[in-house]
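Colleague: These are the residues of each chain, in order.
Protein chains: 2
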Amino acid sequence: MSAYDEFNTHIGKINDLCCVLNLLTWDARTQMPEEGTVTRGHQISTVAGIAQEMFTNPKTLQMIEAAEKEVKGEPEDSYRVRAVRYAREHYEVARKIPVSLVTELNELKMISQTVWIEARKNDDFQSFAPYLEKMVKLQRGIAEGVGYSDHPYDALLVRYEPGMTAKRLKALFAELKAGLTPILERAKAYPEARHDFLTERLYPADRQKAFATDISRKFGYDFKRGKVDLTVHPFEISFTRQDVRITTRYDEKYAPQALFGLFHETGHALYEQGANPAITRTALATDLLDLYAVAGTSYGFHEAQSRMWENLVGRSQVFWNNHFPLLQSYFPDQLKDVDAEQFYRAVNRVKPSLIRTESDEVTYNFHIMIRVEIEMGLLDGSISIKELPEVWNAKYQEYLGVTPPNNRLGVLQDIHWSSGLFGSFCSYTLGNVVSAQLYEAALKQNLEIEPALAKGEYQPLLDWLTENVYRHGHAFLPDELLRRSTGSSLTVEPYFRYLNHKYEQLFPPKG
Amino acid sequence: MSAYDEFNTHIGKINDLCCVLNLLTWDARTQMPEEGTVTRGHQISTVAGIAQEMFTNPKTLQMIEAAEKEVKGEPEDSYRVRAVRYAREHYEVARKIPVSLVTELNELKMISQTVWIEARKNDDFQSFAPYLEKMVKLQRGIAEGVGYSDHPYDALLVRYEPGMTAKRLKALFAELKAGLTPILERAKAYPEARHDFLTERLYPADRQKAFATDISRKFGYDFKRGKVDLTVHPFEISFTRQDVRITTRYDEKYAPQALFGLFHETGHALYEQGANPAITRTALATDLLDLYAVAGTSYGFHEAQSRMWENLVGRSQVFWNNHFPLLQSYFPDQLKDVDAEQFYRAVNRVKPSLIRTESDEVTYNFHIMIRVEIEMGLLDGSISIKELPEVWNAKYQEYLGVTPPNNRLGVLQDIHWSSGLFGSFCSYTLGNVVSAQLYEAALKQNLEIEPALAKGEYQPLLDWLTENVYRHGHAFLPDELLRRSTGSSLTVEPYFRYLNHKYEQLFPPKG
Numbered sequence: 066m067s068a069y070d071e072f073n074t075h076i077g078k079i080n081d082l083c084c085v086l087n088l089l090t091w092d093a094r095t096q097m098p099e100e101g102t103v104t105r106g107h108q109i110s111t112v113a114g115i116a117q118e119m120f121t122n123p124k125t126l127q128m129i130e131a132a133e134k135e136v137k138g139e140p141e142d143s144y145r146v147r148a149v150r151y152a153r154e155h156y157e158v159a160r161k162i163p164v165s166l167v168t169e170l171n172e173l174k175m176i177s178q179t180v181w182i183e184a185r186k187n188d189d190f191q192s193f194a195p196y197l198e199k200m201v202k203l204q205r206g207i208a209e210g211v212g213y214s215d216h217p218y219d220a221l222l223v224r225y226e227p228g229m230t231a232k233r234l235k236a237l238f239a240e241l242k243a244g245l246t247p248i249l250e251r252a253k254a255y256p257e258a259r260h261d262f263l264t265e266r267l268y269p270a271d272r273q274k275a276f277a278t279d280i281s282r283k284f285g286y287d288f289k290r291g292k293v294d295l296t297v298h299p300f301e302i303s304f305t306r307q308d309v310r311i312t313t314r315y316d317e318k319y320a321p322q323a324l325f326g327l328f329h330e331t332g333h334a335l336y337e338q339g340a341n342p343a344i345t346r347t348a349l350a351t352d353l354l355d356l357y358a359v360a361g362t363s364y365g366f367h368e369a370q371s372r373m374w375e376n377l378v379g380r381s382q383v384f385w386n387n388h389f390p391l392l393q394s395y396f397p398d399q400l401k402d403v404d405a406e407q408f409y410r411a412v413n414r415v416k417p418s419l420i421r422t423e424s425d426e427v428t429y430n431f432h433i434m435i436r437v438e439i440e441m442g443l444l445d446g447s448i449s450i451k452e453l454p455e456v457w458n459a460k461y462q463e464y465l466g467v468t469p470p471n472n473r474l475g476v477l478q479d480i481h482w483s484s485g486l487f488g489s490f491c492s493y494t495l496g497n498v499v500s501a502q503l504y505e506a507a508l509k510q511n512l513e514i515e516p517a518l519a520k521g522e523y524q525p526l527l528d529w530l531t532e533n534v535y536r537h538g539h540a541f542l543p544d545e546l547l548r549r550s551t552g553s554s555l556t557v558e559p560y561f562r563y564l565n566h567k568y569e570q571l572f573p574p575k576g
Numbered sequence: 066m067s068a069y070d071e072f073n074t075h076i077g078k079i080n081d082l083c084c085v086l087n088l089l090t091w092d093a094r095t096q097m098p099e100e101g102t103v104t105r106g107h108q109i110s111t112v113a114g115i116a117q118e119m120f121t122n123p124k125t126l127q128m129i130e131a132a133e134k135e136v137k138g139e140p141e142d143s144y145r146v147r148a149v150r151y152a153r154e155h156y157e158v159a160r161k162i163p164v165s166l167v168t169e170l171n172e173l174k175m176i177s178q179t180v181w182i183e184a185r186k187n188d189d190f191q192s193f194a195p196y197l198e199k200m201v202k203l204q205r206g207i208a209e210g211v212g213y214s215d216h217p218y219d220a221l222l223v224r225y226e227p228g229m230t231a232k233r234l235k236a237l238f239a240e241l242k243a244g245l246t247p248i249l250e251r252a253k254a255y256p257e258a259r260h261d262f263l264t265e266r267l268y269p270a271d272r273q274k275a276f277a278t279d280i281s282r283k284f285g286y287d288f289k290r291g292k293v294d295l296t297v298h299p300f301e302i303s304f305t306r307q308d309v310r311i312t313t314r315y316d317e318k319y320a321p322q323a324l325f326g327l328f329h330e331t332g333h334a335l336y337e338q339g340a341n342p343a344i345t346r347t348a349l350a351t352d353l354l355d356l357y358a359v360a361g362t363s364y365g366f367h368e369a370q371s372r373m374w375e376n377l378v379g380r381s382q383v384f385w386n387n388h389f390p391l392l393q394s395y396f397p398d399q400l401k402d403v404d405a406e407q408f409y410r411a412v413n414r415v416k417p418s419l420i421r422t423e424s425d426e427v428t429y430n431f432h433i434m435i436r437v438e439i440e441m442g443l444l445d446g447s448i449s450i451k452e453l454p455e456v457w458n459a460k461y462q463e464y465l466g467v468t469p470p471n472n473r474l475g476v477l478q479d480i481h482w483s484s485g486l487f488g489s490f491c492s493y494t495l496g497n498v499v500s501a502q503l504y505e506a507a508l509k510q511n512l513e514i515e516p517a518l519a520k521g522e523y524q525p526l527l528d529w530l531t532e533n534v535y536r537h538g539h540a541f542l543p544d545e546l547l548r549r550s551t552g553s554s555l556t557v558e559p560y561f562r563y564l565n566h567k568y569e570q571l572f573p574p575k576g
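Chains as they are written, first to last, in the working numbering: chain A, 66 to 576; chain B, 66 to 576.
Accuracy of the hints is not assured; some may be wrong.
Only pairs whose alpha carbons sit at most 27 Å apart, straight line, appear in this in silico DSSO-like list of lysine-lysine [what the hints assert, rightly or not]:
1) B/Lys124 <-> A/Lys186
2) A/Lys318 <-> A/Lys416
3) A/Lys289 <-> B/Lys253
4) B/Lys292 <-> B/Lys318
5) A/Lys274 <-> A/Lys451
6) B/Lys235 <-> B/Lys567
7) B/Lys235 <-> B/Lys199
8) A/Lys174 <-> B/Lys289
9) B/Lys567 <-> B/Lys253
10) A/Lys78 <-> B/Lys318
11) B/Lys124 <-> A/Lys78
12) A/Lys289 <-> B/Lys292
13) A/Lys199 <-> A/Lys253
14) A/Lys174 <-> B/Lys78
15) B/Lys78 <-> A/Lys124
16) B/Lys199 <-> A/Lys292
17) A/Lys401 <-> A/Lys520
18) B/Lys292 <-> A/Lys292
19) A/Lys78 <-> B/Lys78
20) B/Lys292 <-> A/Lys274
21) B/Lys124 <-> A/Lys124
22) A/Lys174 <-> A/Lys161
23) A/Lys292 <-> B/Lys289
24) A/Lys289 <-> B/Lys186
25) B/Lys274 <-> A/Lys274
Here chain B is said to cover these stretches of chain A; the calculated rule only asks that three of the stretch's residues, wherever they fall, bring their Cβ under 8 Å from a Cβ of chain B [said to hold, decoys possible]:
26) 449–462
27) 471–483
In case anyone wonders, no lab produced these hints; they're calculated from the structure. Every value quoted in this text rests on a predicted model; they were computed, and no experiment measured them. Just so it is clear, CB atoms sit at the ideal spot from N, CA and C, and this is done for glycine as well.
The shape of chain A in the complex, shown without the other chains (with noise of 0.2 Å):
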């Protein structure tokens, strides 16, 4: 056996505990009944400590090392190059987190996230504020491991979105801010569309789930490498790019959070499926950090593909246009007095709010720029746990003009801070900038893929999106994919050219 192909098959032992570990995860959420969860705890972190020490075990190194001989001088782009130096850039980091931390912190989240649902349920920030310390406590001992020169958050971050920096997050937002104010002002001045129908009418969850399956297929998700099943909180996981399933729950009351829940997940699992077959079961298709089997290169890269599908093209009218009449025939006395311009209208409000998970496309950049600068504020110290919920509230009324009228409403309502995601909020607006850059830019190299949209047809755009990022897997860092697919860095541009291309068309400049 060659030394490259050692080193695979080491990876690839590493890659099915990442799928199993992806298993145990899905089914925990959707299966499995509710007396099991202490057992399934310790499954789970049985195969991650198997997982975590066979991947930062010295031996891997050495495959590395010996891996990193064979393929000298191969070619730079080529998926041997690409995956031991993915392999390494992974080791580096791992090795630099002493293990101590790693077993306190998983101990951690287990604790804190259920502390965090009792203190959301009670509305009582004061119950969770010291496991939140002890968390942020924790992240600035991650950050001190990993190393970084400018700010502790840089050291976050990359795990989420290599390559990025707090300064040049702090650079974008203050470009977003700009950008997105007059539209959000604009929005402001109109009276809000008409959604009655939306909110007023009872829509069945199997004819939910027939529409919104009907469209994933159109989008391209391959259901025999997938299925949809039934959750609390929405996601998408793959074992392997042969096995990607999609989850969403079913709101009778309010039929658009399933639809683009749907649209939404069907993103992120066209990424997945998109994978080269090439780079199965090898590093390229696997977060050695977070032992998660995924093959999206950034979290950021992968909520660009999700909202890609969800809002460029699942919210556009065009697409409405499409396919309102076939979203009639499953609900035609529900949409018996609505045209598809007034449903187009309709799931395009533009309205401040509290939750981040209920805002629209404007408004939701808002949303994460909060908690992004919350996160630098305590790495930092410049923020302490105990003002945040005042802090949390302040810059609410400052971005979006609302206030919490309580933190169950307000700083309690993600659970990202006590899973310990901290630097991975900023992947949602990172994914918002970076569709529209992609979609721009297909459509701009296809000249196919606008005609075939018009006509409700979503191959050229698939070919072109699996063809340029989701064949790659993580062969390439974000801002390299970013330059080789669109041929420019990450740019605000193309986002501000298509939200203020839609909502100059929704909301015409007054006066």
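Starting from the structure of chain A, add chain B where the hints point.
Modeller: Then chain B, alone, in the frame of chain A:
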């Protein structure tokens, strides 16, 4: 950490991996999209390899030895003593089987199952024969490795029925033949019970499920620690006692399949759910040879529970007197001209048939004897693969008076041989015999059980079984557990008392 704790922690992790293997299998059979097969195979193989290495590693032996020293002098029946002893026994067997044979067997299983599926579909024994030849050779190799004094079959029985031998089985079969033949002859002399309402009317699947799960719940299956899923081949599987799942399929044209199938799987599930919480994640809840998370002490003892709840309870007259009105409430049209007695007789027909899984309580054992006699013959060389179809058909004619018209309905009907399960068929018949022995003992020892059953209450029976059998896991081998719970070694007497009583009422001796 004490030596025992170190041993127990190590085995706990192996149990976690066995639970993971069970989940990977459950998911593959009930959830996985069709194209997930190949990568799922890798995942199973990786986890099984790790679990195998963890158990057969010499360090495990050191831990067992250290734990043996520590528990020396503790009560003979204590779970600690038993866990160490059981692990030692399995370790001794496992280390006698060369790793190369295990690998070869696992690879052969995968291929030969696929070949068997095709062969059965095409009624083509010849295409399967070479794989069966290899399989028998491998099984002989395993038998030689494990060692035996009398018959190679004894070495294979260790895995499924520790303590059982070819010699004991032959004696048992002789007794069974002598006792069953007159019952079968008597049944043949009677006209078949009316059963048009079972074969000529449609029973919607959702109502079949509703009735069967009502009964499962009455039997005592805890749905907070279990659930019922859909599958092609029904089974029960667990991931600790906290999560014990059963599956079934529904034939709307023949409801008894799903109804009794679910009673059967519920019996298996009650065994697993009834394990003492103290043995969770210990050796006593783990088949360390097969790397399978299971608390039942042998295949036969497990089958005894499924048979007891399916047949002794679920096919009894008193059961249908109690619950036929409930069944009728789910199927008012289908059962409008049927009464409890007619239903009871219809689901207790006795008739020789070609297919094991469709056979009745009396003829079932003949199907098993045929298979076990053939397995013994294949192993000791007295039967060749070439003459197998002929031998099969001759035995069917001899024992049951029927001859398969083709191999699809004959020698190709079971998955077991392609899966390498040589030595496991006898468990079905042992299950029948043991179920009656346990049932009789329970009713004798606790006089509240029978009146409760007469009222459709199952808690007293379940309590007796849990106390005497279920809670112990692998602490006692089958023979010992039988003596402890019934005061007697394995005996066919209670089984014949049960059958004769039941079938003398159904088919009174004539003349």
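Colleague: For which of the previously enumerated hints does the structure constitute a violation, in increasing order of number?
Modeller: Violated hints (numbers, rising): 1, 3, 5, 10, 13, 16, 26 and 27; every other hint is consistent with the structure.
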